[in-house]
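Undergrad: Read off the chains here:
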Amino acid sequence: MSFLAPAFLAGLAAIAVPVLIHLINRERKVVVQFPSLMFLQRIPYRSVRRQKLRHLLLLALRCLAILLFAAAFARPFFAHRAAAAGSSGARSVVILLDRSASMEFGDRWTTARAAAKKIVAGLGPGDRGTLVLFAGDASVASPPMAAAPQLDASIDAAHVSSERTSFAPALKLASQILSASTLPRREVVLISDFQKTGWASHNEVTLPPGTTITPVDVSGAASPDVAVALVTTDRDSAGDRDRITVAARLVNTGASAAPRRATLAIGGRDVQTRQITVPARAAVQVAFAPIVVPSGATKGAVRITPDSLVSDDVLDFTIAPDAAVPVLIVDPASPRPNQSLYISRALAIGDRPAFRVTEKPASAVTPRDIDAQALVILNEVALPGGAVGVRLRELIAAGGGVVIVPGGQNADAWPAEWRALLPASVGPVIDRTADARGTLSSVDYANPIFEIFNVPHGGDFSTARFDRYRTLKPVAAGRVVARFDDGAPALVERDIGSGKLVVWASSIDTYWSNLPLQPVFLPFVHQLGKSVGRYADPRLWFTAGDVLDLSRHGELTAEFASARNADSTSALVLESPSGQRERLSADGADHITTLREQGFYELRGPNTPVGSGRPIAVNVDPAELDLAHVDPRDIVTAVEAASARMPAGDGANAATPEDRERRQSVWWYLLLAALLLLATETMLSNRLSRATS
Amino acid sequence: MSTFLDPTVLSRISNLELLARTVVEGFINGLHRAPHLGSSTDFAEHRAYMPGDDTRRIDWRLYARSDRHFVKEYEADTNMNFTVILDVSPSMRYGASEEDGRLSKLQYGCYLAACLAYFSNLQRDRVGLATIDTGVVDYVPPSARHLQHILHALDRIEMSARDAAAAPGRAALLQPMHKLADVLRRRSLIAVISDFYEDADAIMAALSQLRGRGNDLIVFHVLDPREIDFSFSDASNFIDMETGEKMPVIPDYLRKQYRELVREHTTTLARRIGGTRADYSLFDTSKPLDQALFAYLAARQRIKRVR
Numbered sequence: 027m028s029f030l031a032p033a034f035l036a037g038l039a040a041i042a043v044p045v046l047i048h049l050i051n052r053e054r055k056v057v058v059q060f061p062s063l064m065f066l067q068r069i070p071y072r073s074v075r076r077q078k079l080r081h082l083l084l085l086a087l088r089c090l091a092i093l094l095f096a097a098a099f100a101r102p103f104f105a106h107r108a109a110a111a112g113s114s115g116a117r118s119v120v121i122l123l124d125r126s127a128s129m130e131f132g133d134r135w136t137t138a139r140a141a142a143k144k145i146v147a148g149l150g151p152g153d154r155g156t157l158v159l160f161a162g163d164a165s166v167a168s169p170p171m172a173a174a175p176q177l178d179a180s181i182d183a184a185h186v187s188s189e190r191t192s193f194a195p196a197l198k199l200a201s202q203i204l205s206a207s208t209l210p211r212r213e214v215v216l217i218s219d220f221q222k223t224g225w226a227s228h229n230e231v232t233l234p235p236g237t238t239i240t241p242v243d244v245s246g247a248a249s250p251d252v253a254v255a256l257v258t259t260d261r262d263s264a265g266d267r268d269r270i271t272v273a274a275r276l277v278n279t280g281a282s283a284a285p286r287r288a289t290l291a292i293g294g295r296d297v298q299t300r301q302i303t304v305p306a307r308a309a310v311q312v313a314f315a316p317i318v319v320p321s322g323a324t325k326g327a328v329r330i331t332p333d334s335l336v337s338d339d340v341l342d343f344t345i346a347p348d349a350a351v352p353v354l355i356v357d358p359a360s361p362r363p364n365q366s367l368y369i370s371r372a373l374a375i376g377d378r379p380a381f382r383v384t385e386k387p388a389s390a391v392t393p394r395d396i397d398a399q400a401l402v403i404l405n406e407v408a409l410p411g412g413a414v415g416v417r418l419r420e421l422i423a424a425g426g427g428v429v430i431v432p433g434g435q436n437a438d439a440w441p442a443e444w445r446a447l448l449p450a451s452v453g454p455v456i457d458r459t460a461d462a463r464g465t466l467s468s469v470d471y472a473n474p475i476f477e478i479f480n481v482p483h484g485g486d487f488s489t490a491r492f493d494r495y496r497t498l499k500p501v502a503a504g505r506v507v508a509r510f511d512d513g514a515p516a517l518v519e520r521d522i523g524s525g526k527l528v529v530w531a532s533s534i535d536t537y538w539s540n541l542p543l544q545p546v547f548l549p550f551v552h553q554l555g556k557s558v559g560r561y562a563d564p565r566l567w568f569t570a571g572d573v574l575d576l577s578r579h580g581e582l583t584a585e586f587a588s589a590r591n592a593d594s595t596s597a598l599v600l601e602s603p604s605g606q607r608e609r610l611s612a613d614g615a616d617h618i619t620t621l622r623e624q625g626f627y628e629l630r631g632p633n634t635p636v637g638s639g640r641p642i643a644v645n646v647d648p649a650e651l652d653l654a655h656v657d658p659r660d661i662v663t664a665v666e667a668a669s670a671r672m673p674a675g676d677g678a679n680a681a682t683p684e685d686r687e688r689r690q691s692v693w694w695y696l697l698l699a700a701l702l703l704l705a706t707e708t709m710l711s712n713r714l715s716r717a718t719s
Numbered sequence: 004m005s006t007f008l009d010p011t012v013l014s015r016i017s018n019l020e021l022l023a024r025t026v027v028e029g030f031i032n033g034l035h036r037a038p039h040l041g042s043s044t045d046f047a048e049h050r051a052y053m054p055g056d057d058t059r060r061i062d063w064r065l066y067a068r069s070d071r072h073f074v075k076e077y078e079a080d081t082n083m084n085f086t087v088i089l090d091v092s093p094s095m096r097y098g099a100s101e102e103d104g105r106l107s108k109l110q111y112g113c114y115l116a117a118c119l120a121y122f123s124n125l126q127r128d129r130v131g132l133a134t135i136d137t138g139v140v141d142y143v144p145p146s147a148r149h150l151q152h153i154l155h156a157l158d159r160i161e162m163s164a165r166d167a168a169a170a171p172g173r174a175a176l177l178q179p180m181h182k183l184a185d186v187l188r189r190r191s192l193i194a195v196i197s198d199f200y201e202d203a204d205a206i207m208a209a210l211s212q213l214r215g216r217g218n219d220l221i222v223f224h225v226l227d228p229r230e231i232d233f234s235f236s237d238a239s240n241f242i243d244m245e246t247g248e249k250m251p252v253i254p255d256y257l258r259k260q261y262r263e264l265v266r267e268h269t270t271t272l273a274r275r276i277g278g279t280r281a282d283y284s285l286f287d288t289s290k291p292l293d294q295a296l297f298a299y300l301a302a303r304q305r306i307k308r309v310r
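Protein sequence lines correspond, in order, to chains G and F.
Okay, so the first sequence: first residue is 27 according to our numbering, each after it adds one.
Okay, so the second sequence: first residue is 4 according to our numbering, each after it adds one.
Same shape as in the complex, but just chain G:
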């Protein structure tokens, strides 16, 4: 209960008046020495007691009347109707039904649906229920505040998903639904197997005041389960063929050893089988014999004998030939000796990723050379205009990267369309040969280029000396990634479309600095190539609930790049294991989707026949395989505690206190009650006085 004018509660002090009078009267009760109480004691004591009680009753009536008067003037109102309505009235019930992958375990799903139907059957005629299905996220499965038959139908239609459990989104959705409810009683029924991984202690979920949470635990007795928790692949080259070794990690959560047959399937065919016994509460590694890497992306899977939880008995993955990152180094017409030697040699080293380096003089570069490049390095050449310039800018917009090394180039002569894109304007050369020569003093370790150096002994840039470098003035959109010791920017980058444009102030050979001679040069160049070239390690699989961002997974869309170029407006199609199709684009606005189903998605270009697209493996989140149980009371307690901390008066109760007070008009009843009390008091005291006289 709240008060509109709490200052009037000070009037409660007036209660002291009758109490004081009462006490003063008591004070006057002096001691009288009397010869004998013989006769007084013969008078029935009850009558004395009753008189005293009557006095106390009068006192209580007077105090209560004053209290009611003060309360009436303070204009009370109930902040929440639910609180005012107490435990009666129609209910709005939100049934949160867990459909995460672990619910497939044993008869959990059957039990859960039966429990949900039981709740629905218990709904009264005025009650309204909402069915919310949740796993990684939550969604309303029935019409909001539906009646029982609709809810039953929704429960029947529900099925287990492949996602992991997360209670917080479901509870938040329930909170929203209940906040909008107009019924006096609010209830949340949480039906789940209460996996520990689904509840993080930092989850701050609040429910509208007065809401009761009833957990229904369907986890039952623990039963043994063996799961394929992980698959790793190891590539090596034997002669001119790449080979891959697949290893799987099997986990047994049961209390007894479990014999299992593990099968490796490649391209839909079982190629190897291993018989293995997984010890109780332990994990074992199953290594299969090396196989030749197939051409193109191929589906792979490791399966074990199905048990009580089928979804974790198979782990799908995709094997793809390791794609090299194509890099074009554009040299000036008459380069210095070894001008691109250091960078090209540095990029040539290493296989994860491998960089396929092409060197061309600026004059020989055609638009076709730009196609299919992930990274273009303009090594002290004028920025190209014409068709090459246009294509280069398209490359950036489509997710490619360009590194500009201005060297001694006259930046003012660069085409205006380039100057608008540059992350920094390029100024005059600073010569540091006269002083102690420049060093890199400030590096943004949060940037992917320098991320790997942010560990102890992660690389020492301080030994590199810079004799000369260009003055870079970053534009608003430009980010300074590294600075020289005099504060001048050394490396500035800018995101353009889904690509990246980088300017390096010094040279990338030993002409202006000795950086190429330093040990950090190789990792630096590799990081620069991976970051600007938008390289992402190919993923063997995704987990259900993952967001697929095609702009960040060039390896998935690379094979469709030429087709896109032919018709840039045509989109890609992503077909889910259940056959649902979704149109996506690699670089447009709709390049993001959520992978929800377990199995193989297929990504197809506009002209790709069905079944020939790029497979994308999706597995159940390994966290979901952890069947550890959380006490439902922990969740209930945490939510109730958070709700208690929540300041009142938000959400559906957004009506102003004045409105609520006016609507409820509690003061009127209080005033009436006070007047009635005073009338009673008057009658009683009159009767007492008459009896006395």
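Each hint can be trusted.
Below, a list of computed lysine to any residue pairs in the SDA-like style, where the Cα atoms sit at most 20 Å apart: (1) K222/G to G132/G; (2) K259/F to M64/G; (3) K249/F to V58/G; (4) K259/F to P70/G; (5) K325/G to S638/G; (6) K290/F to A301/F; (7) K259/F to P228/F; (8) K182/F to D136/F; (9) K144/G to A184/G; (10) K290/F to L300/F; (11) K499/G to S451/G; (12) K290/F to R105/F; (13) K259/F to V58/G; (14) K259/F to L63/G; (15) K249/F to M64/G; (16) K386/G to R417/G; (17) K499/G to E443/G; (18) K386/G to Q435/G; (19) K75/F to D56/F; (20) K198/G to A664/G; (21) K290/F to R266/F; (22) K249/F to F65/G; (23) K325/G to A346/G; (24) K143/G to R117/G; (25) K325/G to E601/G; (26) K143/G to D133/G; (27) K325/G to E623/G; (28) K249/F to P70/G; (29) K259/F to R713/G; (30) K249/F to V57/G; (31) K325/G to R295/G; (32) K222/G to D251/G; (33) K386/G to A350/G; (34) K143/G to V242/G; (35) K249/F to L63/G; (36) K259/F to F65/G.
Computed, partial: chain F to chain G, Cβ under 7 Å: (37) S94; (38) Y97; (39) Y200; (40) S239.
Worth flagging that the hints you see were computed from the coordinates, not collected in a lab.
Yeah, the Cβ is synthetic: ideal placement off N, Cα and C, and Gly gets one too.
Given chain G's structure and the hints, the job is docking chain F onto it.
TA: Then chain F, alone, in the frame of chain G:
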């Protein structure tokens, strides 16, 4: 005249003998024509000598005339024993007020005892005194010469109310009466002055101890006016002066019932004591003392007639 017998006025006389004389002489003056005063040594009759009679009482003159032995009998023992039994229990100390000069019941009882003793002594009676509470406190045996002892004993009684906490417990008449009945061997006129805070049955049992020995009783029931009309107004904690018990009392609510109980008690006592041919008089401490003397005289006269 009655002004002098007003207890409030009398209380200013510190000397008990003077007080008693004032009361008694005033009383006598007021009754000077009363026929009750006769010689107590008048000759009554002769009767034949019986073996065992005192030979000194033989009327030798009559023997000389009639040659027969006769003994003289007089208007017999008009000089009787008179004993005042005064209750000095704590409850009797109630009622003293210095502001309006009211007497406590004990003071009133003392004056009454003094007056009765003095008056009786004038009649050549042998006067004695016993003060009692839970037992016999003081005892002055009846004697024609003991008036001064009696007055002195009365003077010695502590008048102030005792602390309730030190209350000795409820006084019961039975035990002291039983003792006194043993002591008072000779037939006496006994005046009992008390507030009689006991059940009527217990009181009658106690008084019967005295009556059973052939004594004549005059019972003076002394109460303070407030004990009769319960004229308290404020709610108070009442403390029993004898037992120290406490009781919260709202007088307004209890007055009616209390008055009824007191009236019932006094009428019961009057009826039952009267039924044993003893005299019962209820005195409140505002009553003049001469009324008590009237009661005494009436009782004495009746005894004389009966004899």
